[in-house]
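From first to last, the protein sequence lines stand for chains A and B. Residue 29 is where the first sequence starts when you use my numbering, and the numbers rise one by one after that. Residue 2 is where the second sequence starts when you use my numbering, and the numbers rise one by one after that.
Incorrect hints may have been included.
Computed Cβ-Cβ distance ranges for the label pairs, DEER-style [to be verified]: (1) A:Thr197 - B:Asp44: 28 to 34 Å; (2) B:Gln48 - A:Glu111: 18 to 24 Å; (3) A:Glu111 - B:Thr52: 19 to 25 Å; (4) B:Asp44 - A:Gln190: 21 to 27 Å.
Hints in this document: simulated from the structure, not taken from any laboratory. Bear in mind the structure is a predicted one, so any value in this text is a computation, not a measurement. We treat Cβ as the ideally placed atom computed from N, Cα and C, and that holds for glycine.
One letter stands for each residue in the lines below.
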Amino acid sequence: MTSFSDVIQPLLTQLEAMSNAARQSIQTFTQGTTTFRNHTNDVGNLSSPIHFMGQGADAFIAAVNHNADLSNKAITRLSDFQEACDDAKTTMTDMSTPYDRESLYLNNVQYVSEFANADQYNTYEHQYFLDAQGYSTSDTSDPRTTIVWRIREDTLGGLSFQLDTLLNTYNGQTLLEGNINFAVSCIQSDFQNYQSKRHEFLNGALQNKEISKDQRDYYALVVDSSYNQAMNVVNAIAKNMTTAYNDWDEEFIAAANNFLTKISNIDSGNLAQFQLDNKIDGEFHDPRTQALLYAMSQCPYGAKVVQYLLNEASSSKKGGDYLVVWQDGMPANTGAFNNGTTITLNVQDFNQYDPNDPTSLVTLAGYITHEAVETYYSQAYGIPADTVPMDYLADFTNQIVTNQMLGKPVGYYPDYKTWVNDPQNPPDGSDSGYAYVHDFHESNDPGGGFGEQMSHDWWSLWNDSNPNYAKNPMGLSPSLLQNDSTMPGWDISKYWDPKTSTFLPVKSH
Amino acid sequence: MRVTGFGIDPIPVSDLGDAIVGEAKDQWHFALYNLDALKSSLDSAVQQLPTTLLNTVQKFVGDFESNYTALLNQRIVIGEILENKVAPTAEAQEMQITDTFQ
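Bound conformation, chain B alone:
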């Protein structure tokens, strides 16, 4: 169930949880799939580059991939927090989110 957040009526928490978890399992995981596709396309092209250009481009692709993977994983953590309806603790919540960037 998609919850827009623009309705006049308040949104039941369970609906929101379901919607966001659904997104986490669908759209956000799909984003990871898209990221894999991007990486695989770029890797394929990068490997055929002259060696002179290879390292710099490869570093960019690797950095982007690891950074964006961390961001997407963080979204999944956020989705899981909502799925459980209750964040474990503020500290745990913060740890779960920040640790993906370390």
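Chain A extracted, bound-state conformation:
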């Protein structure tokens, strides 16, 4: 007899197979990771040290431990996956069991009496249930049960191949109702056959003069009324089954959705993000800096700024806490500043932070990006930060990161001439060089006596230049520091590739 568990058995089997595969691997991977981590101790116990260059054995041990930490996190995710498979299998099995009980479908269905006397010309309701396509009333004390069996068998039989249909509320219920209606029509056909046979029997009895015409007419009425009674029972059962099957389908869909939600929440694709967060924690210990860098690392160019700061911190003897500091006592939204190495952020700006909303740090992200660009040029080339072309570029990177964090396109950015001459805070929301020129009296010359005349490769004349400073993940080059005298009509946004979030090479004019 087909049950609801049979219907979902293919899914239950796969859930069990996935759970078993995960369980075995969890054990193997955990053991392997523990063994791997233990080698950390071995490195520290060497009689003759391994001659690591650069970061040395500590970095090696840190790499081993970091790998083991990440592995354990991955294994935890596999464990979450296994648990989700087990839960789904248990839920789906348990929810199906009540629907396999016949009594559920007999609520408020008229009982079918099995009473009969010796009158062979009389027709009784229960007789319609005797020819039940292989289901015998002798197998049950209640003839109605044979109807439940018949409908169930005609309905559930092929459903295990239609789980996708069942997992859609409308399609699933349409399928189930269609199957039940088909099963009822088959039963009705059988009942009508029996009804016809009884009429033929009575007509034969009349012809043989076993009964009179009046008697035939009376018994014929009984045949039809008992047929109607039997069909009323069938329809009532079918109605109950339709309701219950729909309930089962809703529970099945809910269990499947719950499983999907759990799998989605495992967050399996973010190991790299976890690794990056760990690196941030390792270099920057101020929770405000950590929160800011986590938030920035979620967007393409923000991640490059974070990588720059991480690279700078790991190569600096003073570390990340020296590179990014916080100052209290400044009014909010007054920006940030740097001294060529250290970036100072305003504590007041952090008051906007909402732990549940990384975009609450978007203003600070823009500020630190602006300053990071300037410290790069300062450290890599000794180019001063307080020049108008530098601010033109740095404000553009500010706009890139803030808009990317908000999930928006980088958007319009004015050409150099417009940016320099527009009054502060133009209505279109873009930044302006007005303040840099008129309030801060910045120079238009980023390269002292060289920059404006030497075009894209002037910086190569610099002594001690280090283009690969902090590995330059922001992809900056001095050729991006142009103005209208070095590149008439200079428009930095033309050298930005939004698809790759990188700056394109600047061709000399």
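Mind docking chain B on chain A? Use the hints.
Below, chain B alone, put in the same frame as chain A:
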């Protein structure tokens, strides 16, 4: 030769190198084999799932497999660094390790 690291006597570097490289070639590679086995078992089950569930589960399996493969490959890189006894340079060491995650 298995080196525990808990002995009183210091461990010769060559023994440690041999042990860890042995692990890299044996246990860590075996872990990759185990990962393949896991992936193949999961893939087989996933392919038979209803389409409604397929994509989400397939994404999890794919993400897990690529992440854990990166971690296992990183272990092999670490093993190779020890096998050579000398890390090429700090920068190269870092590059070799971090690049597997990009």
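So, going through the hints one by one against the coordinates:
Distance hint check for Thr197 (chain A) and Asp44 (chain B): the Cβ-Cβ separation is about 29 Å, which falls inside the suggested range of 28 to 34 Å. As the Cβ distance of Gln48 (chain B) to Glu111 (chain A) is approximately 22 Å, the hint placing it in 18 to 24 Å holds. The beta-carbon spacing between Glu111 (chain A) and Thr52 (chain B), approximately 24 Å, falls within the hinted interval of 19 to 25 Å. Range check, Asp44 (chain B) to Gln190 (chain A): Cβ separation about 23 Å, and the 21 to 27 Å hint holds.
When the structure is compared with the earlier hints, no violation turns up for any of them.
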